[in-house]
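Chains as they are written, first to last, in this note's numbering: chain A, 51 to 305; chain B, 532 to 894.
Keep in mind the hints are simulated off the structure, nothing from the lab.
Simulated crosslink set (DSS-like; lysine-lysine; CA at most 30 Å straight-line):
(1) 649(B) <-> 596(B)
(2) 539(B) <-> 216(A)
(3) 71(A) <-> 805(B)
(4) 628(B) <-> 151(A)
(5) 596(B) <-> 609(B)
(6) 151(A) <-> 609(B)
(7) 607(B) <-> 637(B)
(8) 216(A) <-> 668(B)
Here is how the chains run, residue by residue.
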Amino acid sequence: MNVLILLATILFILMAVVGGKKGIKSFIALLLNFAVVIATVLMMNDPNANPILLTLVACGIISAISLFYINEINSKTKMAFLATIITSLLLLTFIFFITEKSMIYGFSEEESDSLTIFSSRIGIDFVKVATSVIIMSTIGAIVDTAISITSPMREIHEQNPDITRKDLFMSGIRIGRDILGTSSNTLFFAFFGGYMGLIIWFKDLSYSMGEIVNSKVFSEEMITILTAGIGVALVIPIAAAITAYHLVSFKHSKE
Amino acid sequence: MNKGFQKKYLLYLLVFLGFIGSMLFVYHNHDFYERTILKVTETIETDRIEITDNYENKDYLVTQKITAVIQNGEDKGKTIELENQYSGSQATHFQLKEGTEFFLAKDGSSVGDIKRDKYLVLVAWLFIIILLLVGKKQGALSVVSLAVNAVILSVALDIYIRNSDNSLLIICGISIILFTVLSLIMASGLNEKTYTAIIATLLSTFASLLIAYVALLVTKEQGIRYEEMAFLTRNPQIIFMGGLLIGSLGAVMDVAITMSSSIFELFEKNNEIKLSILKKSGLEIGKDIMGTMTNILFFAYVSGTIPALLLYFKNASPLGFTLSMNLSVELARALAGGIGIVLTIPITLYISIFFIKRKQAKL
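One chain only, chain B, in its complex shape (with noise of 0.2 Å):
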């Protein structure tokens, strides 16, 4: 048995271990929490009602009896009884069964927030082992990355929140440095064409940022409707732009990097292939990716609206007001993310080809 082989098998008994270890953590942490935990033994449907809301809407309100074991604390063991409340949609209080398990809300007789680490953590696991079986080594670095990257982000706002409003910029500004280099270093390696496309990255996501910004001020914010972001404790603006920046960021990168891979790589076929033609291969690959790209940072974005979008329809809001009020945000960040892929295009363009002229000077 050689050594990798014995590395390879390794590694995979520290995954499986890692994966039962935390799962049975997880199943059995009760007692790592100060919020008392309910396990659901029994419910009784008590009542359920058909109701019709102000705009027609049929929806059946249902009321369980809840029969559930505390699970950790003083009184661990005991039995309690209390009501829960649900609708048939769900929006907003949830159907309990046997065996689910929650936090009992502050007031202390109703249901608060339902025990969801064992499942975060579960496909958390699913990830980490899909990556891995189908990727392997570069599956074990994205897996890599988006912990690194996490961890970035998350030290950064630490010291954005001690700091005042206006920092946020400058703090993601050096973020996005950091996340850019270690990301594309991590994805291939030290070379020319890792440099390229970490300056052309930079460049095009701050571009792009100078654009959005004059935007902004140009029409004087018309057209954004700030007051729907959710979960604001902090000016809208700043947040907005900070999530801007860092929002486009991974589809500028990839950009890049697929950009300058392929262009050093026609330069290395042949050392004295013509500036213009690789200008023009370039150009092409570029055309390819431009769509696919912007389409996948649209998605991202627009598609957790839809349930606002629902409620608001259902609720005889107008289309237009509905559409501006909860999509205003999001699609700003899809254009602007555009706007900085498409910029990526001539820019890695353009480093690229300085680059391989020097190199061909050297010739």
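Okay, chain A solo, but in the shape it has when bound (with noise of 0.2 Å):
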């Protein structure tokens, strides 16, 4: 049997087990989220599609899969929906200017030599490709990140409905500021799980610091993990300010 399909199967049975029939729609949400980016894989395959565009619309997606379809559409998924897009489109200017001007793009040296059966002369913009790879690595932990902050903070505003806008900010800020830590350590480590074979590589060839600094996959590497860092950080002041804001300014309406 072939094993994807065994852990697979594991992984539904204890989600099945351990979630009930929330633990069913995550593993669905899953294999639907897998589709999406197979989906926009495909169509980046056009020479004439915008590889960012089509990565926001993905993006777009797959937070609307994660937050609408797993929990419901109300008022706290809308928000995080809402900062998520926000909060995407911010990192996706940023790191399109850091992806170009520090030319991380492409195939680097050590893995164009396994593919050099391929024609690398393919009409896909690499710059957008890069930029959109970045930014689809952190989706995930950014739309887990804005609901953290919405859902406890309706709770907040439900318990204490004269709060002012300004303390249920700051309060969606602290939350913030407990999750930030764990957040970002799992990004952290999902890539230095993902990237031990490259350090493994560097040290085993006896690269020199300059040469890793400044080699393509490093660069490429540690970029990723920083920006995702920081997309972690951004979400939080955004998802507070819109729930905030959302919030007060619905209650002082109907008075």
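If you follow the hints, you should be able to join the two separate chains into one complex; please do so.
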């Protein structure tokens, strides 16, 4: 039997046993997200398509699946959705700029050795592809942080309906600070695990410090880790501000 | 002005000075490099041809004449001319622009690595500044914990390089204990909920590794294409298992600490709370985070394969072949990590309840 199918089956059984109906939904969401990623890549194949635009749409669909399908459509998921989209847009601009400047796109010398059988003149803009990769690797964490802020903020607002906008915003920021450490850690370790082969490679071939720092692969991995951290931090004030603005103004207009 | 206030400004000042100092350094560190560094002063496009490859992909090929000034070494200040060729996709070679700094390749006449250190330092500072601004103390702790964990990992791998191939799992195991204890204590202090999270993290990580190992054994690793794992100097299976162990650790820690803090908080609010109620609320919290946490790992792993997927597709590789060649290792990682995350939920729940039961008995 295929090991991937076996692992997926184990994961499905565990999710169903531990999470019940919601667990099954979470597993389906994972499959849907996989389909979205593959569909996005297939659409990027069209040389006339803009990979960044496609990625933005994909990020929207992915957040909608994680927020509206696993949870439900309500004010907290809607605000988390909005916060995710705004953060992705901001981050995209920054990543595109830095990717182009630092030239971390395309395949590195080390990688292209094993890809020589392929034609690399394929008419797709790899600056944009690299930007898409970085934002996609972070989107899961951004969605998670956004919902972890908007959801308790609404609870706070329900329990103290007279809270001022500024106080509500500050409690959102405080909640965000508490989860910042663990969310960024989740990403850091995920990347560390993925890059272990690379670090061993550098050490085995005794690359010098200067060679490592300026190599395309290392810069790319480091910039991905750091921008992921920036994304998780940025979504905190954005989600807190949107929620505070929406909840408090809504209340006042009703009075 | 009180002491805390002064301390805060001192910290800001230090960050600011560090930023300015290191930026100045990376813009003027050419003499520290042994390899020759060149700065582009002029580029002239000498040729541009439309090309179509064997798979009907249209692209263009540009040849540039580059004039560049040597920035370091004995020939500092000398101007040299060289040729650079890139395709519109820039998949393997870059378009050089005025002002770009690059290293001369070993053959002495072509473009090697780009000088990227300045951008790396810039992004690192932006990361530090944004985390400090948003997270204050917790932000500073995340920055420190990233640095500490990176150092531990690097030292651990140094030890591994000097030992046999099989030592990686033992070394990763020891590092994981260090990572978990340090990160969780830094994140939530010395208390029972931290101890619960530490025990739960370690148990779940090793349990998920065991499951993954047995799954690989039972299926005889059918479906995993190690040959496409990039950057291999060693046995791929062992590196894959090591990466598995470390990769899901952050997510497992996150789930463990989230669950144990909420369960202990419920207990602190009401010391006589029934264990069955604790169990039920704990499970609800677990259900809420399970989906998003597995998603985080999934995207962190799978996104990196997009450029390779595009290259395969554009070279008319069949869908199934492309997916299995590029995604099997990443998917196995994401799935095994997901198993770890879900396992953490009941494990943390029962360990928390075990501690709370003892506390309630003492009351």
